[in-house]
Amino acid sequence: MKEYGVFDVLGPIMIGPSSSHTAGAARLGKIAKQIVGEDFVKATFLLHGSFAKTYKGHGTDKALVAGILGMDPSDERIKYSLEIAEKKGIVIQFHETDLGYEHPNSVKIIFENKEGDTFYIIGSSIGGGSILITDIDGTKVEFTGNLPTLILKYDDRKGSVSRISTILSSNSINIATMKVSREGKTATMVLEADSKINETVLKEISNIEHIFYIKAVNPIDKR
Amino acid sequence: MFNNGEELLTICNKKNKKIYEVVLQKEMDQTGKPIEEIRNLMKENLNVMIESSTHALDKNIISVSGLIGGQANKVKKYIENNKTLCGDLINIAMARALSTSEVNASMGKIVAAPTAGASGILPSAIITTAEKFDLSKEEMINSLFTAAGIGEIVAKNATISGAYGGCQAECGVAAAMAAAAIVEMLGGSPEACLHAASISIVNILGLVCDPIAGLVEFPCAFRNASGVVNALTSADLALAGIESLIPFDEVVEAMYKVGKSLPDSLKETALGGLAVTQTGKDLKNKVL
Numbered sequence: 003m004k005e006y007g008v009f010d011v012l013g014p015i016m017i018g019p020s021s022s023h024t025a026g027a028a029r030l031g032k033i034a035k036q037i038v039g040e041d042f043v044k045a046t047f048l049l050h051g052s053f054a055k056t057y058k059g060h061g062t063d064k065a066l067v068a069g070i071l072g073m074d075p076s077d078e079r080i081k082y083s084l085e086i087a088e089k090k091g092i093v094i095q096f097h098e099t100d101l102g103y104e105h106p107n108s109v110k111i112i113f114e115n116k117e118g119d120t121f122y123i124i125g126s127s128i129g130g131g132s133i134l135i136t137d138i139d140g141t142k143v144e145f146t147g148n149l150p151t152l153i154l155k156y157d158d159r160k161g162s163v164s165r166i167s168t169i170l171s172s173n174s175i176n177i178a179t180m181k182v183s184r185e186g187k188t189a190t191m192v193l194e195a196d197s198k199i200n201e202t203v204l205k206e207i208s209n210i211e212h213i214f215y216i217k218a219v220n221p222i223d224k225r
Numbered sequence: 006m007f008n009n010g011e012e013l014l015t016i017c018n019k020k021n022k023k024i025y026e027v028v029l030q031k032e033m034d035q036t037g038k039p040i041e042e043i044r045n046l047m048k049e050n051l052n053v054m055i056e057s058s059t060h061a062l063d064k065n066i067i068s069v070s071g072l073i074g075g076q077a078n079k080v081k082k083y084i085e086n087n088k089t090l091c092g093d094l095i096n097i098a099m100a101r102a103l104s105t106s107e108v109n110a111s112m113g114k115i116v117a118a119p120t121a122g123a124s125g126i127l128p129s130a131i132i133t134t135a136e137k138f139d140l141s142k143e144e145m146i147n148s149l150f151t152a153a154g155i156g157e158i159v160a161k162n163a164t165i166s167g168a169y170g171g172c173q174a175e176c177g178v179a180a181a182m183a184a185a186a187i188v189e190m191l192g193g194s195p196e197a198c199l200h201a202a203s204i205s206i207v208n209i210l211g212l213v214c215d216p217i218a219g220l221v222e223f224p225c226a227f228r229n230a231s232g233v234v235n236a237l238t239s240a241d242l243a244l245a246g247i248e249s250l251i252p253f254d255e256v257v258e259a260m261y262k263v264g265k266s267l268p269d270s271l272k273e274t275a276l277g278g279l280a281v282t283q284t285g286k287d288l289k290n291k292v293l
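Sequence order for the protein chains is A and B. Each residue of the first sequence is one higher than the one before, starting from 3 at the first, in this note's numbering. Each residue of the second sequence is one higher than the one before, starting from 6 at the first, in this note's numbering.
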């Protein structure tokens with residue numbers, strides 16, 4: 003049986019009208035932005051299922067854009083996010099689509115930088131403001147962003163997992179969950195930790211020579 | 006630690022504590038956070054609740070789609086200018102619940118309690134009760150822990166999601182949380198709190214979730230208004246010494262089973278009930 007705390011039933015503090023279609027959408031956008039990390043000039047949202055059908059009435063569009071601008075689900079500027087994005091010169095597009103297998107409240111966000119390079123994230127809003135990231139630019143993953151999360155891609159070599167976990171433990175970071183998958187020679191690791199993963203630790207891990215992608219996502223607005 | 010209503014009552018009685026004290030202790034044990042920090046977080050909730058249940062009383066707040074708005078303001082004016090049938094207390098409680106619902110539907114800030122769709126009920130119930138009996142902010146914070154305890158039990162043993170249980174799981178549970186909170190605020194025993202919670206759910210058992218166009222607007226706002234009235238009257242019944250024949254845990258179980266046996270068309274999908282009436286469909290085509 004899942005354990006509940008008082009703030010699971012009284013909270014979150016959020017911008018309405020819907021925890022799944024608005025608060026979850028903002029959280030999804032914000033976590034996607036953290037994963038992308040760099041500046042972007044265009045974001046295209048491919049909305050799936052209930053997101054596609056009701057996004058205007060639920061303000062899902064505004065919440066998603068607010069999220070990729072870095073706003074929390076309780077930020078009162080969410081209402082004005084489309085105007086704010088326009089002022090910042092970020093091009094925003096929405097398309098209704100069918101992503102196939104995904105949860106009814108899902109979105110694929112395609113980010114584009116100045117050079118025209120694209121990077122996409124797929125995620126779902128799974129209820130009560132919680133979310134699930136399922137795809138990072140072609141790599142299948144599954145994490146909620148409730149815990150500090152480390153995402154790594156590297157050439158699969160012996161001892162990689164142990165080197166990474168040694169760095170974490172020497173920095174007193176406890177690993178909560180770890181999933182490693184492999185496609186060809188590329189391994190993807192999604193690791194959830196019990197405490198925040200700071201820049202120093204990230205740097206130390208990225209010094210491992212065959213890691214070519216590393217990103218830490220720290221939790222937002224969760225009490 | 007408690008998993009259901011019976012265990013909660015056993016702890017209250019054994020330690021001679023109120024529900025809010027047991028819930029607060031459990032939260033401290035579970036999170037390792039000090040009491041001040043937890044109470045401060047709850048105070049943040051209370052502050053947002055006070056703001057949301059006041060905000061639309063004196064101005065017309067219109068929802069994103071335009072389906073609802075201005076109702077809280079209408080009720081407030083009605084109280085000011087008329088001798089109401091149900092009295093000022095019931096009417097201001099409805100106005101406050103509508104206010105939070107309107108703030109929510111217009112992309113304003115609310116506290117999910119237990120969900121965004123039912124977020125008007127609990128704030129209105131405790132604010133209205135505190136106002137009538139001149140209770141302090143600390144007492145209101147205490148009552149939110151009482152409410153949370155009830156919500157946790159339902160979430161753990163049943164559901165607080167309209168998509169899984171229909172409106173009874175959202176507005177019904179919100180009313181149950183609010184009724185228990187009121188009873189404890191007014192000095193009722195832990196048993197009386199659970200009877201109040203039971204009565205609230207019994208009153209709306211089977212209530213479906215059939216939002217027009219799938220939006221958290223209509224009939225949600227009305228059900229928040231009637232939900233707070235349900236909470237207030239259930240609390241009064243329990244404070245009068247009336248008991249629910251069926252114990253709280255069994256009421257919760259019944260609610261869960263009823264929720265599961267409701268067809269999907271009546272659980273937030275907007276494929277049944279009011280959503281598919283001719284006018285419901287016309288409104289949908291207009292706003293989406």
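Everything labelled a hint here was simulated from the structure, so no lab data went into it. Note that beta-carbon positions come from the ideal geometry of N, C-alpha and C, so glycine has one too. Misleading hints may appear alongside valid ones.
[As the list claims (entries may be wrong)] Label-pair distances were calculated between CB atoms; the ranges are: (1) B/L250 <-> A/N200: 17 to 27 Å; (2) B/Q35 <-> A/S174: 43 to 53 Å; (3) A/K187 <-> B/N8: 14 to 24 Å; (4) A/D158 <-> B/G211: 53 to 63 Å; (5) B/G192 <-> A/P221: 52 to 62 Å.
[As the list claims (entries may be wrong)] Derived list of chain A stretches under chain B, where covered just means 3 residues or more per stretch with a C-beta under 8 Å from a C-beta of chain B: (6) 161 to 175; (7) 193 to 207.
[Said to hold, decoys possible] Only pairs whose alpha carbons sit at most 25 Å apart, straight line, appear in this in silico BS3-like list of lysine-lysine: (8) A/K81 <-> B/K291; (9) A/K4 <-> B/K286; (10) B/K291 <-> A/K4; (11) A/K198 <-> A/K187; (12) A/K55 <-> B/K142; (13) A/K81 <-> A/K58.
Here is how each hint holds up against the structure:
1. Checked against the hint of 17 to 27 Å, the C-beta distance between B/L250 and A/N200 comes to roughly 57 Å, which is inconsistent with it.
2. At about 22 Å, the CB distance of B/Q35 to A/S174 disagrees with the hint of 43 to 53 Å.
3. Between A/K187 and B/N8, the C-beta spacing of about 49 Å breaks the proposed range 14 to 24 Å.
4. Range check, A/D158 to B/G211: Cβ separation about 55 Å, and the 53 to 63 Å hint holds.
5. For the pair B/G192 and A/P221, the supplied restraint of 52 to 62 Å is violated, since their beta-carbon distance comes to about 40 Å.
6. Figure legend: the stretch 161 to 175 of chain A, annotated as covered by chain B; annotation inconsistent (0 residues with Cβ-Cβ distances under 8 Å, at least 3 required).
7. With 0 residues having a Cβ less than 8 Å from any Cβ of chain B, the stretch 193 to 207 of chain A misses the three-residue criterion, and the hint is violated.
8. Pair hint A/K81 plus B/K291 holds up; C-alpha atoms about 21 Å apart against a cutoff of 25 Å.
9. The hinted pair formed by A/K4 and B/K286 fails the criterion: a straight-line CA distance of about 38 Å is larger than 25 Å.
10. Taking the CA atoms of B/K291 and A/K4, the gap is near 41 Å; set against the 25 Å cutoff, the hint is violated.
11. Distance check on the hinted pair: A/K198 and A/K187 sit about 29 Å apart at the alpha-carbon level, beyond 25 Å; violated.
12. Proposed proximity of A/K55 and B/K142 is contradicted: the alpha carbons are some 42 Å apart, above 25 Å.
13. As the CA atoms of A/K81 and A/K58 are separated by approximately 12 Å, the hinted pair is consistent with the 25 Å bound.
Violated hints, in rising order: 1, 2, 3, 5, 6, 7, 9, 10, 11 and 12; the structure is consistent with all others.
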